[in-house]
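Number of protein chains: 2
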Amino acid sequence: MSQTKIVLEESEIPTHWYNVVADMPNRPAPPLGPDGKPIPPQALGAIFPEALILQEVSGERWIPIPEPVREAYRLWRPSPLYRARRLEQALGTPAKIYYKYEGVSAAGSHKPNTAVAQAYYNKEAGITRLSTETGAGQWGSSLALAGQLFGLAVRVYMVKVSYEQKPFRRSMMQTWGAEVYASPTDRTESGRKILAADPASPGSLGIAISEAVEEAASRKDTNYSLGSVLNHVLLHQTIIGQEAKKQLEKVGDYPDVVIASCGGGSNFGGIAFPFFADKAAGRRVRLVAVEPTSCPTLTKGKYAYDFGDTVGLTPLMLMYTLGHDFMPPGIHAGGLRYHGDSPLVSQLYHEKLIEAVAVPQLATFEAGVAFARAEGIIPAPESNHAVRVAIDEALAAKRTGEPKTILFNLSGHGHFDMAAYDRYFAGELEDYEYPKEAIERSMQRLPKVG
Amino acid sequence: MSQTKIVLEESEIPTHWYNVVADMPNRPAPPLGPDGKPIPPQALGAIFPEALILQEVSGERWIPIPEPVREAYRLWRPSPLYRARRLEQALGTPAKIYYKYEGVSAAGSHKPNTAVAQAYYNKEAGITRLSTETGAGQWGSSLALAGQLFGLAVRVYMVKVSYEQKPFRRSMMQTWGAEVYASPTDRTESGRKILAADPASPGSLGIAISEAVEEAASRKDTNYSLGSVLNHVLLHQTIIGQEAKKQLEKVGDYPDVVIASCGGGSNFGGIAFPFFADKAAGRRVRLVAVEPTSCPTLTKGKYAYDFGDTVGLTPLMLMYTLGHDFMPPGIHAGGLRYHGDSPLVSQLYHEKLIEAVAVPQLATFEAGVAFARAEGIIPAPESNHAVRVAIDEALAAKRTGEPKTILFNLSGHGHFDMAAYDRYFAGELEDYEYPKEAIERSMQRLPKVG
Chain W
14 MSQTKIVLEE SEIPTHWYNV VADMPNRPAP PLGPDGKPIP PQALGAIFPE ALILQEVSGE
74 RWIPIPEPVR EAYRLWRPSP LYRARRLEQA LGTPAKIYYK YEGVSAAGSH KPNTAVAQAY
134 YNKEAGITRL STETGAGQWG SSLALAGQLF GLAVRVYMVK VSYEQKPFRR SMMQTWGAEV
194 YASPTDRTES GRKILAADPA SPGSLGIAIS EAVEEAASRK DTNYSLGSVL NHVLLHQTII
254 GQEAKKQLEK VGDYPDVVIA SCGGGSNFGG IAFPFFADKA AGRRVRLVAV EPTSCPTLTK
314 GKYAYDFGDT VGLTPLMLMY TLGHDFMPPG IHAGGLRYHG DSPLVSQLYH EKLIEAVAVP
374 QLATFEAGVA FARAEGIIPA PESNHAVRVA IDEALAAKRT GEPKTILFNL SGHGHFDMAA
434 YDRYFAGELE DYEYPKEAIE RSMQRLPKVG
Chain Z
14 MSQTKIVLEE SEIPTHWYNV VADMPNRPAP PLGPDGKPIP PQALGAIFPE ALILQEVSGE
74 RWIPIPEPVR EAYRLWRPSP LYRARRLEQA LGTPAKIYYK YEGVSAAGSH KPNTAVAQAY
134 YNKEAGITRL STETGAGQWG SSLALAGQLF GLAVRVYMVK VSYEQKPFRR SMMQTWGAEV
194 YASPTDRTES GRKILAADPA SPGSLGIAIS EAVEEAASRK DTNYSLGSVL NHVLLHQTII
254 GQEAKKQLEK VGDYPDVVIA SCGGGSNFGG IAFPFFADKA AGRRVRLVAV EPTSCPTLTK
314 GKYAYDFGDT VGLTPLMLMY TLGHDFMPPG IHAGGLRYHG DSPLVSQLYH EKLIEAVAVP
374 QLATFEAGVA FARAEGIIPA PESNHAVRVA IDEALAAKRT GEPKTILFNL SGHGHFDMAA
434 YDRYFAGELE DYEYPKEAIE RSMQRLPKVG
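In order, the protein sequences belong to chains W and Z. When you read off a place in the first sequence, starting at 1, and then add 13, the result is the number in my numbering. When you read off a place in the second sequence, starting at 1, and then add 13, the result is the number in my numbering.
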């Protein structure tokens, strides 16, 4: 019998998160304050609990997962690993294609892996309320779920254009008891500043981050929670890659290439970092981050210190960036719209230890539809970026006749993105390459450092 | 460690479907033709393949599942069984609550369990195209998926009001390559007849069935496929209850009560029938079908011969019915709107071997939200009916202090029903009891038999 789905028992949920910092050839560059000097970790105490700050700066290879977090993980983890046999057949490729499926969480994506951890540590620290931002709502809904599971109130600043056009993830957040506001709001200084300049602002992730950070910094009972970019967020997501390794071991396999879509980097880091550990130990494995041509942070951005938000409230991080005032083009259907990228992913890319590729929108939907028709699951538009490159790798193997084992992360389902599929079928989506000149202009507004 | 999720290996997918007919004290009453005489099975050959007709009339206890169907099942089966520990805690009940979760299929409900089987048998019989009806789209999307997996074209007549108000399941069907029409259409005699009488007809399940049956009956390459009601459909769904039994065995448990929502009966039959086998052998277990007060077929309908569709194209079946011209009230958010019920479920209820209860809409949403906040998963409105009664049973156990083991089927997720949750939160949903007088009027229009 040919196995389709490789499952693990609950007892096989990893007991530790893997910290890639321990295996990086160079220590990560520190975040800088407004004065250009490294900021002491405790300066983050206004918005993060100590446990997460310690994880943010830790060099330990293994960090234990608290039992209440593993208990929450059991609601959807271990997630299944699939062998995409029907897709292989449809492509006529000699390659073996595996995908880890994170859409089985109640929020429908990988995001709850870190949301429940962050909710737990904040709860332990006596915090009663979390503020955060969300774009299309994947992260906001994940934190709403986590807040509900650990008894924390959650307030979500949702990018206005998504709030209006994508009401169903908002309903999900409300079902899980969260408060949701269309950002920019007039509830924060940051929001009022943006609205003063542009009362019709559709909002952006950078603006919503400013609002959520401001709220957390100004209230003692409230902390801030971020769904990607930061070291501790990527750390929590390494549960994905660890499970995938165990599952592949069960069928005696190991990937030649690991592929994941990459916006802020938590999805990519989540599946790829545990394989980086093997790479650092000398094993051959390619790790490929996939981004949209309309927001080509790694492939076209500059490796520089920049703010994490639009208004400039966050510390400066050394990362690939398109500039903190980047506005994603309206024609882009999916997420992956963040101007920066995880400092860890950025550094690994800068040191040529991982690869990155940018793909145009239409090709990602084409891949997603082919995947859905072969495997059933309809992927999120973000995940379609990984599907595209996995298919391209499989087709390359077909041309060369080379046997190859491909692993990608199917980070979420597309149930809340069917309007984007509709637009694709109706021919209303276009490809878009973010112009070089716009990046160059933004680079002139990078904060001066040192 | 307390187990949350009981999983099975692919090799544990049942090898046979269970046919409840073998254990019923009385053989099912036969379907009748327009002349009031039992129709010979081969008369169904115009719209069904022989293999399914044989299953429809079989008295064999075990019917083998073809390997290609088990292969397709592996895309999402075995489905997980959860112990709802967080819900138990939230309710403060001594009862143990288990739920089988069928929302893991790519279509998001239990419906693909029979869709892939029907697609397989039709393909084997040389059929190239299936026609069917769908209300909100759960069944249509499941058949679209199954058609895609087995290489059959699928045409779906979707109830017009759903087609217009719920575009996302339509997009799903199109992603899987199906053609979808808003019913009533002007493509069939049945549709034209309805439109002549009421050009603004919002459509109904009964009308859409008429259209799909007519199309299949008039084309040699096309067969008809039904998502519930018929014996072979319930047969295919017994995979659910069989898996649940195996999973409960693994943790040494057995239910005192098995609960499922019931529209056409396939969800209820799917989880309950394998337990009926034990009941027939003398084991104590209650089997409870839950329906909406707005469509109270079992609890308020008449046990009589009636058509399966509105126009009167189908054979007459002995079942509980509200009358084949029943129009569901517009204020009802979820599915479970069919005027009749499975003849097998109807007969078991008529013979007092199973129970039925009708619950009002608001109480089902209240239960669904409580469930989502405890367990994470947001249930489909149909599934909320089962959640409601499971919670009621658990609260009864709390009052009496009685230990009790409850099993219910969470037949699908609510990702395509968030608009209904929105309306619930906005106070726009109402309770509705389908009036006795309306039922009595419909009863006068029942076909005369014998």
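Be a bit skeptical, because a hint or two may be false.
Pairs involving identical chains hold if they fit within one copy or between any two copies, as the list cannot separate such chains.
[Claimed, not checked] In silico DSS-like links for lysine-lysine, alpha-carbon gap of 27 Å or less:
#1 Lys136 with Lys18
#2 Lys206 with Lys365
#3 Lys259 with Lys449
#4 Lys179 with Lys259
#5 Lys313 with Lys206
#6 Lys263 with Lys18
#7 Lys263 with Lys109
#8 Lys233 with Lys417
#9 Lys461 with Lys109
No lab work stands behind these hints, which were simulated from the structure alone. No experiment lies behind these values; they were computed from the predicted model shown.
Here is how each hint holds up against the structure:
1. Lys136 with Lys18: Only across copies: Lys136 and Lys18 sit 25 Å apart there, 36 Å inside one copy, limit 27 Å.
2. Lys206 with Lys365: This pair counts as neither: shortest intra-copy Cα distance 40 Å, inter-copy 69 Å.
3. Lys259 with Lys449: neither (42 Å within a copy, 60 Å between copies)
4. Lys179 with Lys259: neither (37 Å within a copy, 41 Å between copies)
5. Lys313 with Lys206: Close neither inside one copy (30 Å) nor across copies (61 Å); limit 27 Å.
6. Lys263 with Lys18: both (11 Å within a copy, 20 Å between copies)
7. Lys263 with Lys109: Close inside one copy (15 Å), not across copies (33 Å); limit 27 Å.
8. Lys233 with Lys417: Neither way: Lys233 and Lys417 sit 53 Å apart in one copy and 45 Å across, limit 27 Å.
9. Lys461 with Lys109: neither (48 Å within a copy, 61 Å between copies)
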